[in-house]
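Novice: Spelled out from the first residue to the last, the chains are:
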Amino acid sequence: MTTAVTVEQLSKLYRIGELQSAYGTLRDSLAAAGRRLVRRDHRPHDEDLWALKDVSFELREGDVLGVIGRNGAGKSTLLKILTRITTPTEGRATIRGRVGSLLEVGTGFHPELTGRENVFLNGSVLGMKQRDIARKFPDIVEFSGVEKFIDTPVKRYSSGMSVRLAFAVAAHLEPEVLLVDEVLAVGDAEFQRRCLGRMQDLSESGRTVLFVSHNMQAVSQLCERAIWLDKGRVVDDGRSAEIVARYLQSGSGGGSSRAWPDLATAPGDDLVRLRSVRVVQDDVEASAVDVRRPVGIEIGFTILRGDGQPVFPKIKVVDQQGDVAFNAMDTSPRWHDASAPGDYLSTAWIAPNLMNEGMATVHVGICSLGAAKLYPHAGCNDAVSFHVQDPGEGDSARGLFAGQWKGVVRPMLDWTTEER
Amino acid sequence: MTDTELEVREPSARAAEPLQPAPRVDRVTVIRPAPRWPHLDVPELWHYRELLLRLAWRDVSVRYKQTSIGVAWAILQPFLTMVAFTLVFGKFADFPSKGIPYPIFVYSALLPWTYFAASVAQSSGSLVSNRSLVTKVYFPRILLPLAGVTVPFVDFLLAFVVLFGMIVWFAIWPSLAIILAPLFLLMALVTALGVGLFLSAVNVRYRDVPYAIPFLIQIWLYFSGVVYAISALPERWQWVLALNPMTAVINGFQWGVVDTAPPELGKTLVSIASMLVMFVVGLWYFRRSEPRFADTI
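Quick note, the sequences are listed as chains D and H, same order. If you're matching positions, the first sequence starts at 1 in this note's numbering and goes up one per residue. If you're matching positions, the second sequence starts at 1001 in this note's numbering and goes up one per residue.
Just so you know, these hints were derived from the structure itself, not from any lab. Heads up, a few of these hints could be off.
To be verified - Below, simulated SDA-like cross-link-like pairs (lysine to any residue); rule was C-alpha separation at most 20 Å, straight line:
1) D:K53 with H:R1032
2) D:K155 with D:A397
3) D:K231 with H:D1295
4) D:K53 with H:V1030
5) D:K53 with H:A1034
6) H:K1065 with D:E112
Whole structure, please, built from the sequences with the hints as guidance.
Specialist: Have a look at this one:
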């Protein structure tokens, strides 16, 4: 086995200012340059941020490495450097063989072009040769399941369809080193299974895979090994099952589930402790959910004393813009009196066709009623998150419309029409 | 956690083509911090030639997909401009036109000029308008402005057909120098690419560029000898204007297609030198900014 990927002391520095005013007008920057000249301001910036710092690891051919960590831990930066989208500030990486990447599939799809034209365009963008694309074209189309619409402009596709087609192209790249970022967050359960199957095929045929995901189940199942990034550094590196377990125990989840096995360190006070939070759909844990079916937020907690205030579970759901979509708490009479000590598992069912497509983050709390506000006895912000998907089959709020659908919520309303 | 969600094997889904074992590889990519003095990686560009064609093809086909008269735009634009210029500058202002009828004089100048102007505009905006590509996949970024100067060539060819009609109508025949016309057009391409490389990189940081371009193009037109013959200016000014590569392009192109006086060698050399300076500066600035495109765009 030879080494496929060597990463040595890779670091990436961002200037916060640079990120904030990513682009300004010429005038702003001339003015700033003028100020610097006058003040002789050469101090190093105090707002520098190491998105990645001294990351080193090595992959042998055929290895499948999972990369986990919370948002902003540097996972995406690592992939961006390895795919050469951006350059590192320090360190180096050596990759043997062709690199293929699945970073947010659908890159370069042009809405005016047909599915067929986009397959060829996207294939070249991803580095395939024209004749390879032509050879694999039937497979790609079959894999995507959009045969009927292959000569329709992509702008008429539902988001689900274009994602499937885009993934199909990317999945047929067959590079020696494949970098994957969270593609499992897209598409329905059946399609996710196919994606995972494809990744497994690739790794079994000797390809090296680097897989970034929030889906802990997928990571522990697909990868022998995982590294855990936090604040740009490697915190842990080892067998994926162990790393995932430690990561989940640390409570830094942010994925579709989180657990605090040790009651003593779990969030909470002397009355109640949080034990676990999970996102479920159709009885299984889900990081991507179908908008048309109910989504459960399952909260496990332990009540320690029977003589405390009455407490009840509550959730707050925040959309990807950071706006609060809604608050909800269990108002059933069972919580009117103090509950008996013991373990409880409450599930809040989010109605179908309520949340709009996109990422939703859930804050959970076990609260008691105060005079002016709810008092949280045990709580966790950003406990879990999930991705709301619309397969675009015509039976959701967007009907057969495939364009952008705005709004925090997107209920299916009852419409009545009379002819007058 | 349950295991039911991930039944990873799905034999029915993939029956088609069994994966080949990964071939032995000899390609090694080394990723390092951006060098201080960038160079142009020509073998890499060659490797990506198919993508260049695809990008150009995409721009061409998207361009006319939703227009009602489609490719007729490529002919109408220079043609109507020619009519307007003929009226204003040829008839009312009576500008010098190298002794040939003003319509064919101005149209033969408008052809390379329109190509140049469209190339500058298209390549300058190429990085920002392909933002999603720049932030998500790697390829030599230079392909984008390069595709930007390729696409207007299609319009050029279409508009060229009208020139044939005018040649017959006015009975003004091309000279043997027409075989050099592609070289002069190449000069327009290199100049436009130099400007486009520079402005596209500037545009990543400063969104002022789209506002500046129409203005720049308009001013540039008046100093390129499109609407009047440069040869009618005082000698001193002709030398100054030779710094603008487009004067040589238009003189040389007209020399071939409508048999006007050949461009002077000295002034043409000045133009070529000026073109090379623009190209090298543009390329240098582009390559120097390139490592930060994905972060700042």
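Novice: Please go over all the hints and tell whether each is borne out by the structure.
Specialist: Tested hints:
no., hint, in the structure
1, D:K53 with H:R1032, "holds, 14 Å"
2, D:K155 with D:A397, "holds, 18 Å"
3, D:K231 with H:D1295, "holds, 18 Å"
4, D:K53 with H:V1030, "holds, 18 Å"
5, D:K53 with H:A1034, "holds, 17 Å"
6, H:K1065 with D:E112, "holds, 7 Å"
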